[in-house]
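For the record, the sequence lines run as chains A and B. Residues 1 to 261 (this note's numbering) make up the first sequence, in order. Residues 1 to 382 (this note's numbering) make up the second sequence, in order.
Careful, some of the hints might be misleading.
To be verified - Below, simulated DSSO-like cross-link-like pairs (lysine-lysine); rule was C-alpha separation at most 27 Å, straight line:
no.: 1; chain 1: B; residue 1: Lys141; chain 2: B; residue 2: Lys43
no.: 2; chain 1: B; residue 1: Lys195; chain 2: B; residue 2: Lys106
no.: 3; chain 1: A; residue 1: Lys49; chain 2: B; residue 2: Lys43
no.: 4; chain 1: B; residue 1: Lys107; chain 2: B; residue 2: Lys34
no.: 5; chain 1: B; residue 1: Lys220; chain 2: B; residue 2: Lys34
no.: 6; chain 1: B; residue 1: Lys107; chain 2: A; residue 2: Lys180
no.: 7; chain 1: A; residue 1: Lys146; chain 2: A; residue 2: Lys235
no.: 8; chain 1: A; residue 1: Lys145; chain 2: B; residue 2: Lys43
no.: 9; chain 1: A; residue 1: Lys254; chain 2: A; residue 2: Lys49
no.: 10; chain 1: A; residue 1: Lys49; chain 2: B; residue 2: Lys112
no.: 11; chain 1: B; residue 1: Lys43; chain 2: A; residue 2: Lys146
no.: 12; chain 1: B; residue 1: Lys43; chain 2: A; residue 2: Lys197
no.: 13; chain 1: A; residue 1: Lys146; chain 2: A; residue 2: Lys180
Please keep in mind that the hints were generated in silico from the structure rather than gathered at the bench.
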Amino acid sequence: MNIVVLIKQVPGSTEIKVDPKTNTLIRDGVEAIVNPFDTYAVEEAVRLKEANGGTVTVLTMGPPQAAEALKQALSVGADRAILVSDRAFAGADTLATSFTLAAAIRKIGGADVVIAGKQTLDGDTGQVGPEVAMHLKLPFATYVKKIESADGGKLRVERLVEDGYEVLDIPTPCVITVVKEINDPRLPSLRGIMAAKKAEIVTWSASDLGDDVKRFGLSGSPTQVVETYVPERVKTGEMITGTVEQQVDRLVEKLKEAGVL
Amino acid sequence: MDYQLTEEQQMIRDLARAIAEDKVLPVRAELDEKEEFPTQIMKVMGDSDLFRVFVPEEYDGMGGGVLDECLIIEEISRVCGGVALSYAATLLGTIPVLLFGNEEQKKDVLPKIAAGALAAFALTEASAGSDASNIQTTAVKDGDDYVINGTKQWITNGGNALFYTVIAMTDKDKGSRGASAFIVEADTPGFTYGKKEKKMGIRASSTTELIFDNCRVPVKNLLSKEGMGFIIALKTLDLSRPGVAAQAVGIAQGALEEALKFAKERQQGGQPVIQYQAVQHMLADMAMQVEAARALTYAAARTIDAGAKTYSKEASMAKCFASDVAMRVATDAVQVMGGHGYMREYPVEKMMRDAKITQIYEGTNQIQRNVIAANLIKETLR
């Protein structure tokens, strides 16, 4: 079973600041970590490999320093790592990102299962996994909390929904995104860390992924960030006091004023 | 302070710290309360290759030195001295094989230890503590076997180890020159475990009696030669003492951090208690002592790693100094935290209980001072 895991290097802090001029994230001085949800994706991929054989390839799009995130995945059992990195990819929204990752997965030769975390800590959209599936025309399941079985050309997965979980059979090849309930990621071994340190990270540029360059990076991104700001919290609550009758009258009056009644 | 650790040593330290914080911290209070052996944590440490560190590369290890070991023991002890002991005692039980084992014995034992099996060292008996020459356990040669009889006491990892290095008398008439060391495997007939001790501290570790009742051990399990038992024991303890020092440094560091964190949060008289100079000076003294203990411990470890021929004095100095520091610093951490420090809801009372043993085992600190003084006298005779 050949598995591709999509990972992302993100700032290791939940208090992410935005540059007011460029509307992009300020990454300087913030420790970079592997997106926590992706660590569950890597662990699940390694477990699938241990149970069924095959290889685990970790894939990320990012600046050269994102190679560190790939090495971390190698230290806990991934077999090879590919970094998709080029100035042409900069400024990508989820559509351009998923297009680029899908192109890389095609270049890898496809996969039986593509696994991603349910969302990233910085972007928080949860869109890239499903969009990769659409680009590759593959079925997908999001918020997977358990892979019950993986044989006979299908996965049986449990998928978290608001009030419980669904059990789905999904034919392979497919894409799944996972939640933290799925496993308890292992810590690396010393030998794993040392091997990962020496491992060569394959780097692909835009030209390695085909010539549809308009669909990469900023030019391939219909999402325009016009402004970013923390919404101001305005306290507008009003306590209505008095007897019950007075309170009802006052409330009806208020609602009429507001045009609700 | 910058101890000039190599990149590899930093990697080892960081991994040990990650295991301590991810796997040990959430369960340390429960393991202590229930006096439960940390089986799962030992497995994680094994899977993470931490047992490979002190095993030579040719036996599936990573060929690390004493300082590498100390870094691991210190980091685990910073969170739980009891859990760290189960790991450190494996090193203690393995050292006799590392130093005195023949090729066959090394091939038999070391790869299993490297993969995470535990070991134990069995010297102490009811009437043989600091006076180790008074051991009563006997090993009598009978054909291709030695037949071992007797009871060992207070053996760390008893019941959990796969290999035990056991010191027994092969010739009682020769006194301390009549002792020999044997490798005894866990399921050998005639070898059972006696009572499990209830301890003041380090309660996550297992401490039991070992009972030998006509236990037959093949002759090939004799380490070195007959009569070498005490030399093996002394050399083993010399090499393992920096590990006890590292355990003490870790406990002291953990206690200092807890006291510091608490003093910044605890409000009394309208301000955090750390604003009071009396508290500041206590913390300053604690920090100085911890750093001095760490510096001495690393220096002793590096002396050994550099290939020193004798290092009993250095090893004893580190063990004695660091364990006295651990006891003082842990006690002061409780004091800084006042009533909170005394409660089991906070970890420093456990650290104080855990610290005490480091002044006692692997040679009491009185014995350490004897060793240091004997070396001073010997040096001035030259």
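(request) Any hints from earlier that this structure breaks? Give me their numbers in increasing order, please. (result) Result: hints 1, 2, 4, 5, 6, 7 and 9 break, sorted rising.
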